[in-house]
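J.: Chain residues, written in single-letter form:
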Amino acid sequence: MTAMRVDAKVVMLGKESVGKTSLVERYVHHRFLVGPYQNTIGAAFVAKSINVADKVITLGIWDTAGSERYEAMSRIYYRGARAAIVCYDLTDSSSFQRARFWVKELQTFEEHCKIYLCGTKNDLVEGDRGARQVDYHDVQDFVEEIGAQHFETSSKTGNNVDALFMKVAEDFSNSALELLPEEKGVNLGQKKNSYFYTCCHH
Amino acid sequence: MAADVHSKGVTWDTPNGNLAPVEHLPSSRSESPTPGLVEGTEPGGGEWVEEEVEEKEVEEKEVVEKTEEQQRGRAEGEGSVNEPKREVQAVVREKEEDVTSDAWRLHKKHVFVFSEAGKPIYTRYGSEEALSTTMGVMMALVSFVEADKNVILSIHADGFRVVFLRKSPLVLVCVSRSDQSDSELWRELHYVYYQILSLLTLPQLQRVFQQRQSFDLRRLLAGSERVTAGLLRLLETDAGLMLNATMSLPLCSTTRNNVCTSLQIASSKNLVFSILLAGNRLVALIRKKEQHLHHTDLHLLSNLAASSSSFRQGEGWTPVCLPKFNSSGFFHAHISYLEQDSDLCLILVSTDREDFFNLSDCKQRFLERLKKRNAYQALQEALHSPTYPVSQVGIPELWHFVYKSKSSGLYTSPELPVPYHTEEQQDRLMELYQHLHSRLHHPTRPLRSIYRSTNTENLLAWSTSGFELYLCFSPLATKALAMSAVTKLLKWIRKEEDRLFILNSLTY
Ligand SMILES: Nc1nc2c(ncn2[C@@H]2O[C@H](COP(=O)(O)OP(=O)(O)OP(=O)(O)O)[C@@H](O)[C@H]2O)c(=O)[nH]1
Ligand SMILES: [Mg+2]
Numbered sequence: 001m002t003a004m005r006v007d008a009k010v011v012m013l014g015k016e017s018v019g020k021t022s023l024v025e026r027y028v029h030h031r032f033l034v035g036p037y038q039n040t041i042g043a044a045f046v047a048k049s050i051n052v053a054d055k056v057i058t059l060g061i062w063d064t065a066g067s068e069r070y071e072a073m074s075r076i077y078y079r080g081a082r083a084a085i086v087c088y089d090l091t092d093s094s095s096f097q098r099a100r101f102w103v104k105e106l107q108t109f110e111e112h113c114k115i116y117l118c119g120t121k122n123d124l125v126e127g128d129r130g131a132r133q134v135d136y137h138d139v140q141d142f143v144e145e146i147g148a149q150h151f152e153t154s155s156k157t158g159n160n161v162d163a164l165f166m167k168v169a170e171d172f173s174n175s176a177l178e179l180l181p182e183e184k185g186v187n188l189g190q191k192k193n194s195y196f197y198t199c200c201h202h
Numbered sequence: 001m002a003a004d005v006h007s008k009g010v011t012w013d014t015p016n017g018n019l020a021p022v023e024h025l026p027s028s029r030s031e032s033p034t035p036g037l038v039e040g041t042e043p044g045g046g047e048w049v050e051e052e053v054e055e056k057e058v059e060e061k062e063v064v065e066k067t068e069e070q071q072r073g074r075a076e077g078e079g080s081v082n083e084p085k086r087e088v089q090a091v092v093r094e095k096e097e098d099v100t101s102d103a104w105r106l107h108k109k110h111v112f113v114f115s116e117a118g119k120p121i122y123t124r125y126g127s128e129e130a131l132s133t134t135m136g137v138m139m140a141l142v143s144f145v146e147a148d149k150n151v152i153l154s155i156h157a158d159g160f161r162v163v164f165l166r167k168s169p170l171v172l173v174c175v176s177r178s179d180q181s182d183s184e185l186w187r188e189l190h191y192v193y194y195q196i197l198s199l200l201t202l203p204q205l206q207r208v209f210q211q212r213q214s215f216d217l218r219r220l221l222a223g224s225e226r227v228t229a230g231l232l233r234l235l236e237t238d239a240g241l242m243l244n245a246t247m248s249l250p251l252c253s254t255t256r257n258n259v260c261t262s263l264q265i266a267s268s269k270n271l272v273f274s275i276l277l278a279g280n281r282l283v284a285l286i287r288k289k290e291q292h293l294h295h296t297d298l299h300l301l302s303n304l305a306a307s308s309s310s311f312r313q314g315e316g317w318t319p320v321c322l323p324k325f326n327s328s329g330f331f332h333a334h335i336s337y338l339e340q341d342s343d344l345c346l347i348l349v350s351t352d353r354e355d356f357f358n359l360s361d362c363k364q365r366f367l368e369r370l371k372k373r374n375a376y377q378a379l380q381e382a383l384h385s386p387t388y389p390v391s392q393v394g395i396p397e398l399w400h401f402v403y404k405s406k407s408s409g410l411y412t413s414p415e416l417p418v419p420y421h422t423e424e425q426q427d428r429l430m431e432l433y434q435h436l437h438s439r440l441h442h443p444t445r446p447l448r449s450i451y452r453s454t455n456t457e458n459l460l461a462w463s464t465s466g467f468e469l470y471l472c473f474s475p476l477a478t479k480a481l482a483m484s485a486v487t488k489l490l491k492w493i494r495k496e497e498d499r500l501f502i503l504n505s506l507t508y
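Chains as they are written, first to last, in this note's numbering: chain F, 1 to 202; chain L, 1 to 508.
One chain only, chain L, in its complex shape:
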């Protein structure tokens, strides 16, 4: 049972975080679950454009240091990043893609993973075999810089950037034509790294390479390509991965309470987390006392569940490592849909790999109780409208927004209106948000707020200690209008908070 680090290895008090430099949230969900509207700093006058924040977070300092190293380690001159060409990427990777073609080169974002021996492990497009030379060259570059006791972090060239993440025994590289910053790309590479850990655990990963440096890790990762492809797509579409937050499903508070208490009661000795999801929206989360689920781990779980239809076939049972919780051991997850063809996916996480039938029973009890209280019907109905139109807020010229409550680690967002009905337009909007996000969280010059006007929309981003807010207005909006909109929106969110968010954080 070499691959299975059993529950005994799971320590409950592992500190999170030190693996990830870009981490703005405290790892735990706050005990005061109310969305953090407390700040209430009203934007004042015109001066709030590009206002700099004095204090910086510790993690950002880390990035700053790296940036200095990067100056020394940089292999090529800096170039400006041009507006890249749009390209819609399919979730399913095309293995057969010709890696010498222009289409391959023009992909917006490539991701490569290889071992320190330069052996290919993963590529987003094309086959690993065809790219083994490319990855060999990348490894040579890494080694060359390291020979000088230096670390290569990124290369900026005309129109694209190459970002390196060194996580021994792996090297992860992203080649991006988007205008995301280095730290945003690092965050994404970290996700890919955690994804690999979630399948293998860190000790197993280290062990196979200790035993044989030239080990072909693809053997152990076989069958996970869809999971990784799904994750990369999620990084482009779900603002939650950028915001370190999870989207909650809007639900009337009576139904939510019913669902939460039903789930809370359906407990079992070794159960650590009970998670009810509708797609990638969180409906309810119950946890063991003192234990906290990191949003990264939650995204990995929800992506895993979405990645294989095998969870629709019956009840899934799989070992899974939650790397932010503890990268050295496996949990065991019972993953199933509440009913055939339902969108409601229940994930029960246990420390015991022999717990399947206990958890299966928990699910049954949960479902029975839901039905008895008529909450199941209400839940199904809520799923018909899993989101809300922005018009509910009643702000003219407001097209869309993303609001994250920092204390709860949840975010809410209305449905995308007409200009964003194509995948291409949705990706474009996400990229605008990502750009604003990287400006707000710039490692050396973070901003408190930023207003940006383009031909197609006007955007406003604002970060306080309580929340983070991104707004998208029609091009007709003005800065004055945007500012008054914020106050109005915050009021509306406050009024609707028990529907939009999960206010009580329940334990078993």
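With the rest of the complex left out, here is chain F:
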């Protein structure tokens, strides 16, 4: 698996058009695509290396499609993930309901996956406070309750995007050691499902 040396699997989850792809585009390719919105089909994988302290960590990011059609497939994307960035659109309250759904799903099936709740399109509510449909403090309460992290970002301006992924990488780096023995046990126990690890851990 030459080209695919990945340390940590990161999955992007959230309702369609909340801005998952834009977030990854901004972080990986430093750009924001304008023009008609193009739904992700299935999922897209991209690897990105990042320096944490004196180590290089490669994140393998799975950008999933928000469409309900692919919901049945979602498990293969978050299984074994070390971090899930659950996105909601700050200007769309229904997208936060969907985010709660994903949190529940992760808590049930992927207890070792760290959750990062990310309110997107921050630029839209910055200029126009009335546009905000999801209250910051409500989310903060929820985040504390579930022991997750909370970010608000804008892929358009780049605001807070690097910080989000940096935090993901740091948390992974700090937890990598302590998790290692346990993970081996998991691998042995579910040999069939360990395919992602076979290329993630070398």
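Read the hints as simulated data drawn from the structure, not as lab findings. Treat the hints with caution; some may be incorrect.
Claimed, not checked - Going by beta-carbon spacing under 7 angstroms, a handful of chain F positions derived as facing chain L:
#1 E16
#2 Y37
#3 Q38
#4 N39
#5 T40
#6 I41
#7 G42
#8 V46
#9 S67
#10 R69
#11 M73
#12 E126
#13 G127
#14 G130
What the hints assert, rightly or not - Covered stretches of chain L, going by a simulated chain F footprint (3 or more residues, C-beta under 8 angstroms):
#15 216-230
#16 311-317
#17 381-391
We put the CB at the ideal spot given by N, CA and C, even for glycine.
Since the structure of chain F is provided, determine the placement of chain L with the ligands on it from the hints.
T.: This is chain L with the ligands only, laid out in the frame that chain F set:
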């Protein structure tokens, strides 16, 4: 995992075809891959104009029967189809379009999809909500005729025709102002139907409506509007969807062989098809032994890849059903571009949904090998001129042609010359070809050849058991010249065939 019919459900020997009445190709690519120039029937004298063919294909008989039903089921009197007004259609559908406006009415081709409960699923123009009454009326019409144990197939009225396709639990309707025939429009509706199946599979589609008749399918199709819009546009621009064929990218045989063998070697246990595309042109196709990729499935895949920029972001991984191969299960496709900003798109189709990293590795190996053999550079260069000027053939007054080799299911066509540089003119030429095509393949009176002269161009279409050929000449050309041109063109194609076509059909 209700939505995922896994690989175990995929049987390899599913017969193709019985879902599609208009099917002229054997479903498999021929084992003898040479373009079928074998026929060699030279056109003789003036008698070849509108010469009728005796034998008809089975599928066409099916259509004939339907046409009889149609006589009984017809709700309105027949009217002649007038030359419709030209209108250029944008790929991106305008959701907000006012459905009561003249502009909406004047669209050349509308497509509606709804459920048997009359619930809107898709409309090409405007929003489904605004058109729910219209679709309700259409469903009422369908039910009314069916109550009499009859089937409504089409309505011909002044200047347009309405064609119905019944594919339980869906109804598809096309309202067309073009002069395409009913069977051409059915073929297009079938494409839309297969497009829906490719996203859902037939069992899933049936299941959701069994569970709830009033299910809103738009929920499951959300995000596929661009794919469908792209497909409808492709039907108007790519002759391959009309011809049941795929365009091949012209490539010198050394490079092609290098590409093909590199792709062949980069295999993996569950890989079924490896497809390299440049836009909608096929560069190479490798398949598992005994397995054949139907051109419809190939068009659906290539349209899917072109429909979302998400495949440019990284490596795409998506379940996809190839309805002509097997409408009841999902394959899993690894879709990516060879490099950022490259036009070369690689689609690797596997039966295993956990195969992503294996396929990613296949891609890497393919790319490395290509580069090592300098084939990547050659391929990139070939992309600079993905087509050729018609002047290469050296026939005066010949403006354009489309040549399909029936045995390989591939077609070749030169670039469009000056008179066809606007989208409007290109659409017009395609429509002329489509018209000729529907004459050649008329369900009751098929023709072997047809010559048509207009103020703007002279056209000739000719079909044999080996090939199908459409030629477009300047208005100055004569019938005699056209006939001698055919011989010359066939000779030229024969000479160039290893560049124009993919002659070897490789398996892993
Ligand atoms: N103003 C603004 N618009 C954004 C931002 N992020 C995304 N968008 C817009 O929101 C729309 C959807 O963005 P995507 O990133 O494609 O959404 P997605 O979550 O990947 O959607 P799916 O792939 O369908 O699940 C696009 O039109 C983007 O331009 C942002 O930070 N600010
Ligand atoms: Mg996306």
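J.: Now tell me if each hint is right for this structure.
T.: Each hint, compared with the structure:
1. E16: The hint holds - F:E16 has a Cβ within 7 angstroms of chain L, the shortest such distance being about 6 angstroms.
2. Y37: violated (9 angstroms)
3. Q38: holds (5 angstroms)
4. N39: Hint holds; F:N39 Cβ to chain L Cβ min 3 angstroms, cut 7 angstroms.
5. T40: Status holds, d = 4 angstroms.
6. I41: holds (5 angstroms)
7. G42: The hint holds - F:G42 has a Cβ within 7 angstroms of chain L, the shortest such distance being about 2 angstroms.
8. V46: holds (3 angstroms)
9. S67: OK, holds: F:S67 within 7 angstroms of chain L, min 4 angstroms.
10. R69: Status holds, d = 5 angstroms.
11. M73: holds (6 angstroms)
12. E126: violated (26 angstroms)
13. G127: violated (24 angstroms)
14. G130: It is violated, given that the least Cβ distance between F:G130 and chain L is near 23 angstroms, above 7 angstroms.
15. 216-230: Coverage by chain F holds for the segment 216-230 of chain L (8 residues, Cβ < 8 angstroms).
16. 311-317: Answer holds; 6 residues pass the 8 angstroms Cβ test.
17. 381-391: Answer violated; 0 residues pass the 8 angstroms Cβ test.
Checked against the numbered hints above, the structure violates hints 2, 12, 13, 14 and 17; every other hint is satisfied.
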